[in-house]
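Asker: Sequence:
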Amino acid sequence: MPVTSNWTLFFPDPCSYDTSPPDCHCHSFRADPLFSREARRETAMAKDILGEAGLHFDELNKLRVLDPEVTQQTTELKEECKDFVDKIGQFQKIVGGLIELVDQLAKEAENEKMKAIGARNLLKSIAKQREAQQQQLQALIAEKKMQLERYRVEYEALCKVEAEQNEFIDQFIFQK
Numbered sequence: 424m425p426v427t428s429n430w431t432l433f434f435p436d437p438c439s440y441d442t443s444p445p446d447c448h449c450h451s452f453r454a455d456p457l458f459s460r461e462a463r464r465e466t467a468m469a470k471d472i473l474g475e476a477g478l479h480f481d482e483l484n485k486l487r488v489l490d491p492e493v494t495q496q497t498t499e500l501k502e503e504c505k506d507f508v509d510k511i512g513q514f515q516k517i518v519g520g521l522i523e524l525v526d527q528l529a530k531e532a533e534n535e536k537m538k539a540i541g542a543r544n545l546l547k548s549i550a551k552q553r554e555a556q557q558q559q560l561q562a563l564i565a566e567k568k569m570q571l572e573r574y575r576v577e578y579e580a581l582c583k584v585e586a587e588q589n590e591f592i593d594q595f596i597f598q599k
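For the sequence shown, the working numbering begins at 424 and goes up steadily by one.
One or more of the hints may lead you astray.
[Said to hold, decoys possible] With a straight-line cut-off of 20 Å between C-alpha atoms, the simulated DMTMM-like cross-links for lysine to aspartate or glutamate are:
hint	residue 1	residue 2
1	K547	E535
2	K510	E499
3	K538	E554
4	K510	D526
5	K583	D593
6	K583	E572
7	K547	E531
8	K516	D526
9	K568	E579
10	K567	E585
11	K538	D526
Hint data in this document are derived by calculation from the structure and do not stem from the laboratory.
With the hints as extra help, turn the sequences into a complete structure.
Answerer: Next comes the structure, spelled out in structure tokens:
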């Protein structure tokens with residue numbers, strides 16, 4: 424890519440500094456049509472020679488190191504680069520927003536996952552508690568059944584004793 428330069432050379436009209444009358448040596452030849460054709464030819468030759476040396480005149484007749492076309496292309500490329508950088512900046516903002524949104528969704532998904540794991544663990548613990556409670560109740564039922572069996576045996580024994588005592592009382596009453 425050619426290097427652009429901001430340095431310009433400007434060759435002003437020498438008569439612009441001169442306070443001489445308009446009929447000075449510079450202005451007197453301008454009225455001559457032959458001079459103007461010849462001057463244009465010399466100017467064109469000078470521009471060609473300067474062009475071969477790498478020097479060019481711009482639209483303001485300032486001497487430039489770069490060809491005006493190259494300067495224009497460089498300016499266009501600079502503007503395109505600026506547009507590209509602006510678009511990349513906008514893209515980065517959009518991507519940043521997308522990443523932020525995805526991170527937020529990931530955090531929410533992680534929170535929901537933790538809630539689900541907690542609920543599952545709570546359900547398992549409740550199931551284990553119920554199972555333990557059921558085993559306790561079954562042990563209590565077995566204990567109560569054993570106690571009932573003891574009471575039944577004791578009742579039967581007492582009934583037997585009562586029957587024996589009633590029989591003894593009956594025999595005692597009849598013997599008298």
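Asker: Are the hints correct? Go through all of them and say.
Answerer: Consistency of the hints with the structure:
no., hint, in the structure
1, K547 to E535, "holds, 18 Å"
2, K510 to E499, "holds, 16 Å"
3, K538 to E554, "violated, 24 Å"
4, K510 to D526, "violated, 24 Å"
5, K583 to D593, "holds, 15 Å"
6, K583 to E572, "holds, 16 Å"
7, K547 to E531, "violated, 24 Å"
8, K516 to D526, "holds, 15 Å"
9, K568 to E579, "holds, 16 Å"
10, K567 to E585, "violated, 26 Å"
11, K538 to D526, "holds, 18 Å"
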